[in-house]
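Student: Turn these sequences into a full structure, and let the hints guide you.
Chains as they are written, first to last, in the numbering used here: chain A, 1 to 246; chain B, 1 to 246; chain C, 1 to 246; chain D, 1 to 246.
Do not take every clue at face value.
Claimed, not checked - 16 Å max Cα-Cα, derived EDC-like pairs, lysine to aspartate or glutamate:
hint, chain 1, residue 1, chain 2, residue 2
1, A, K123, D, E209
2, B, K241, A, E135
3, A, K130, B, E237
4, A, K89, A, D232
Bear in mind the hints are in silico, worked out from the structure with no lab data behind them.
Number of protein chains: 4
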Amino acid sequence: MKAAIVYKTDGILNRVKKVLESLNISFELFSEPSEELENYDFIVSIGGDGTILRILQKIKHCPPIFGINTGRVGLLTHSTPENFEEVLKKAVKSFEVEEFPRITSHGILALNEFAILNRQPGKLMDVTIKLDGAEVDRLRCDGIVVATQIGSTGYAFSAGGPVVDPYLECMIIVPIAPFRFGWKPFVVDMNRKVEVCVENAVLIADGQENVGVDGKVVISKSKHPAVFFKKDRRIPELFSKVKGIC
Amino acid sequence: MKAAIVYKTDGILNRVKKVLESLNISFELFSEPSEELENYDFIVSIGGDGTILRILQKIKHCPPIFGINTGRVGLLTHSTPENFEEVLKKAVKSFEVEEFPRITSHGILALNEFAILNRQPGKLMDVTIKLDGAEVDRLRCDGIVVATQIGSTGYAFSAGGPVVDPYLECMIIVPIAPFRFGWKPFVVDMNRKVEVCVENAVLIADGQENVGVDGKVVISKSKHPAVFFKKDRRIPELFSKVKGIC
Amino acid sequence: MKAAIVYKTDGILNRVKKVLESLNISFELFSEPSEELENYDFIVSIGGDGTILRILQKIKHCPPIFGINTGRVGLLTHSTPENFEEVLKKAVKSFEVEEFPRITSHGILALNEFAILNRQPGKLMDVTIKLDGAEVDRLRCDGIVVATQIGSTGYAFSAGGPVVDPYLECMIIVPIAPFRFGWKPFVVDMNRKVEVCVENAVLIADGQENVGVDGKVVISKSKHPAVFFKKDRRIPELFSKVKGIC
Amino acid sequence: MKAAIVYKTDGILNRVKKVLESLNISFELFSEPSEELENYDFIVSIGGDGTILRILQKIKHCPPIFGINTGRVGLLTHSTPENFEEVLKKAVKSFEVEEFPRITSHGILALNEFAILNRQPGKLMDVTIKLDGAEVDRLRCDGIVVATQIGSTGYAFSAGGPVVDPYLECMIIVPIAPFRFGWKPFVVDMNRKVEVCVENAVLIADGQENVGVDGKVVISKSKHPAVFFKKDRRIPELFSKVKGIC
Numbered sequence: 001m002k003a004a005i006v007y008k009t010d011g012i013l014n015r016v017k018k019v020l021e022s023l024n025i026s027f028e029l030f031s032e033p034s035e036e037l038e039n040y041d042f043i044v045s046i047g048g049d050g051t052i053l054r055i056l057q058k059i060k061h062c063p064p065i066f067g068i069n070t071g072r073v074g075l076l077t078h079s080t081p082e083n084f085e086e087v088l089k090k091a092v093k094s095f096e097v098e099e100f101p102r103i104t105s106h107g108i109l110a111l112n113e114f115a116i117l118n119r120q121p122g123k124l125m126d127v128t129i130k131l132d133g134a135e136v137d138r139l140r141c142d143g144i145v146v147a148t149q150i151g152s153t154g155y156a157f158s159a160g161g162p163v164v165d166p167y168l169e170c171m172i173i174v175p176i177a178p179f180r181f182g183w184k185p186f187v188v189d190m191n192r193k194v195e196v197c198v199e200n201a202v203l204i205a206d207g208q209e210n211v212g213v214d215g216k217v218v219i220s221k222s223k224h225p226a227v228f229f230k231k232d233r234r235i236p237e238l239f240s241k242v243k244g245i246c
Numbered sequence: 001m002k003a004a005i006v007y008k009t010d011g012i013l014n015r016v017k018k019v020l021e022s023l024n025i026s027f028e029l030f031s032e033p034s035e036e037l038e039n040y041d042f043i044v045s046i047g048g049d050g051t052i053l054r055i056l057q058k059i060k061h062c063p064p065i066f067g068i069n070t071g072r073v074g075l076l077t078h079s080t081p082e083n084f085e086e087v088l089k090k091a092v093k094s095f096e097v098e099e100f101p102r103i104t105s106h107g108i109l110a111l112n113e114f115a116i117l118n119r120q121p122g123k124l125m126d127v128t129i130k131l132d133g134a135e136v137d138r139l140r141c142d143g144i145v146v147a148t149q150i151g152s153t154g155y156a157f158s159a160g161g162p163v164v165d166p167y168l169e170c171m172i173i174v175p176i177a178p179f180r181f182g183w184k185p186f187v188v189d190m191n192r193k194v195e196v197c198v199e200n201a202v203l204i205a206d207g208q209e210n211v212g213v214d215g216k217v218v219i220s221k222s223k224h225p226a227v228f229f230k231k232d233r234r235i236p237e238l239f240s241k242v243k244g245i246c
Numbered sequence: 001m002k003a004a005i006v007y008k009t010d011g012i013l014n015r016v017k018k019v020l021e022s023l024n025i026s027f028e029l030f031s032e033p034s035e036e037l038e039n040y041d042f043i044v045s046i047g048g049d050g051t052i053l054r055i056l057q058k059i060k061h062c063p064p065i066f067g068i069n070t071g072r073v074g075l076l077t078h079s080t081p082e083n084f085e086e087v088l089k090k091a092v093k094s095f096e097v098e099e100f101p102r103i104t105s106h107g108i109l110a111l112n113e114f115a116i117l118n119r120q121p122g123k124l125m126d127v128t129i130k131l132d133g134a135e136v137d138r139l140r141c142d143g144i145v146v147a148t149q150i151g152s153t154g155y156a157f158s159a160g161g162p163v164v165d166p167y168l169e170c171m172i173i174v175p176i177a178p179f180r181f182g183w184k185p186f187v188v189d190m191n192r193k194v195e196v197c198v199e200n201a202v203l204i205a206d207g208q209e210n211v212g213v214d215g216k217v218v219i220s221k222s223k224h225p226a227v228f229f230k231k232d233r234r235i236p237e238l239f240s241k242v243k244g245i246c
Numbered sequence: 001m002k003a004a005i006v007y008k009t010d011g012i013l014n015r016v017k018k019v020l021e022s023l024n025i026s027f028e029l030f031s032e033p034s035e036e037l038e039n040y041d042f043i044v045s046i047g048g049d050g051t052i053l054r055i056l057q058k059i060k061h062c063p064p065i066f067g068i069n070t071g072r073v074g075l076l077t078h079s080t081p082e083n084f085e086e087v088l089k090k091a092v093k094s095f096e097v098e099e100f101p102r103i104t105s106h107g108i109l110a111l112n113e114f115a116i117l118n119r120q121p122g123k124l125m126d127v128t129i130k131l132d133g134a135e136v137d138r139l140r141c142d143g144i145v146v147a148t149q150i151g152s153t154g155y156a157f158s159a160g161g162p163v164v165d166p167y168l169e170c171m172i173i174v175p176i177a178p179f180r181f182g183w184k185p186f187v188v189d190m191n192r193k194v195e196v197c198v199e200n201a202v203l204i205a206d207g208q209e210n211v212g213v214d215g216k217v218v219i220s221k222s223k224h225p226a227v228f229f230k231k232d233r234r235i236p237e238l239f240s241k242v243k244g245i246c
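Tutor: This is how it looks when you write it as structure tokens:
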């Protein structure tokens, strides 16, 4: 078995190495994520949720990821610098994993969300939203977020979306700063096809990858999920952590 | 085949009878819904969404319902007094139906939602919310709504919940007037068990049935779904209608 | 000079007495607020914001109130059981006071808000709202809150209203659980006349006094303000405390 | 008396000229607003609210403005292409005007709002907010809107702010897409000094003027109000129009 260690900072790197050595697992180090990560049996990420999202931007076929949180919220991570030794050992030994679907558009993948924003900050853009080809809304706003349930605690959260069960496969559609008396987030089955029609906008995947878009942006479930080591108390932890986002 | 006609008002009753007669279907009339409705092959409801919810309060085993909307929003209905003749004929001939899960608590069923409210209007109540036994929130509010996805356009809608895909099985947990700087609706898999701990409250199912509750209120998916004739354009119609709620 | 001490609990009563004695101020004790409080030079309230609101329900002409917070949030109070001795002495010596306007309806006064609620919990009521005689909104909801700026952290806060500067005289109109795709709180000059037209409702002043109402409820600024000892850092304290309401 | 006509489109220009000629008022035409507008006795704006905001960007000393709405919402305008002849004649004859305060920062004026946005779309920025020098909030968001009461129907409206009485002088502080479990708009007296501390952001006045900012942005009431011809039913019209923003 061969592991990859992706680290944003190297403060606890030696301690991570020792854990893997104690498990007789060889490893390579990555200060920056790359496509090569697909070729490892699992990935240890030292950093925050952003580090994991950057890893995922590089890979289609995803080895199980184990996250050690050195960032802020850490909803995607499994452990802290204080407790990772024990948690990591246990995770690798049992090797129980779980998949979370990603969504795709324009050949890019996203675990959290696609944000479609006006190129010019502070200008309204006209947006039409379709579900499976049928128009469901038309509005003026700063942008649109189409998130997965995992992304319900990312940009969709900021834009006014609900907190969603990580195991309920769905997409959440939330406008950013809609110029409108009323609006609601929409939560839809992930097997639907979401179309967002805009002019001259930018599509941002998980706050990482940007691509210019003009016209129809189609977002749908990808066949390349993100894979993580299993986290036992994911749900109570999630709800407890989101209340602390302030 | 034997149909039941439940009517809130009798304005179009004769026209409904004629349609059934033309299809050679015998029928009985109900000015008030009752348990007996379980024994019919299908039910035609003349009224609004409230009439359908009242029908559902009376029955566990649900024959397919066809709704003719003489009320306001009509999200559960299939047709209007203008077009029901054609739509009803087509529905009965093809007899395509679809199920929507109900939730249950204290032996009562709800298609839209359970609302747990303080007995004394305008007084805060202390609420603890658990998911599958794990506490996920604790707050002071006027009440709590636990809705199905179908109920996302009912009381949960008023309380600040998202609009949810009618085919995405889930529960939506929304506080009513929470005394709190921040809050979010929670959307969770319907197979979870939601517990709401309150003191001296009232549990209201679909705005119809009331029962006093004190302590733990457990809400979970029922094995008795509501059954409706299939509606082709349910999703675009839903999103279009909710925008008109004003 | 003669003071009244209103106490909800008697834990620190003796310490309060000693402070007043040290200032050579005579006093009377009230375990329940009454109209007689109008006849004192100032009032010391031992309790929470609720205790102060109960005092204000009893009096039109309001002597300056000094609050020692033994409750939860304590936005109307001046001190805690830990620091009141010093703060109270200083307040009485300088005797700097400030007034906050109250609003009135049906012969009742409110410092925080009037809530107009359906008698039957969980039932929608039809509401029409007028400003200075002109209709500005019509909706279905559980109730309507009309608050002062001080009440922006009370029921209006729970219902979804903004946090308002305690020195900006205004009324905040917020629906409770409006059945509507969109809504906004309204913030209006306090010299306007707010009319809320409802059927068979209950009017609740500051969560204390209830009166049945049917038809037009007119709410306007009262000529009987609430009077408090001055609080130096009222604004930063307010914003800091509201963020802690959870 | 000398008038300036600022026109975005020239469809009704001749009809406007005729009204002024019939009143024996000389005029000059401006296809683009400029500083020179300060030197006229009044301004007729043919366009939408954006045209009026562009005029106001050019002038400190503001002659009374009369707006003919050829745009969308038209909250700042007085008349439509259908009825302006009569309304304009009446306005010029009575010459009743009203002032609405503007706010200022970095030497720029705004009638509606200042928006402080991240230069990079979709990236969170750290923001600290102070009132009269005292910190009142600290958060991560896409941006901050500081609006006047008139701007409560502009960007602040989109960002989640309340609708405010046009005659209640205040500032409304609303974050855009705050990454936070809870937040509230703040409504404060316009005589306060609002400070927003950010890094490497852009300050946008009324959606028109942009300037780079880094560090402390101080926003306060300007001594140069905007001046408009009086509008009789401003309040009911406002509330009726905002409900139509969809």
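Student: Are K89/A and D232/A close enough, with their CA atoms no more than 16 Å apart?
Tutor: holds (15 Å)
Student: Just to be careful, I want the Cα atoms of K123/A and E209/D compared with a cutoff of 16 Å; is the pair within it?
Tutor: holds (12 Å)
Student: Given the hinted pair K241/B and E135/A, is their alpha-carbon gap at most 16 Å?
Tutor: Roughly 13 Å separates the two Cα atoms, so the pair holds.
Student: Please verify whether K130/A and E237/B have alpha carbons no more than 16 Å apart.
Tutor: Measuring from Cα to Cα gives roughly 12 Å; hence the hint holds.
Of the numbered hints listed earlier, not one is contradicted by the structure.
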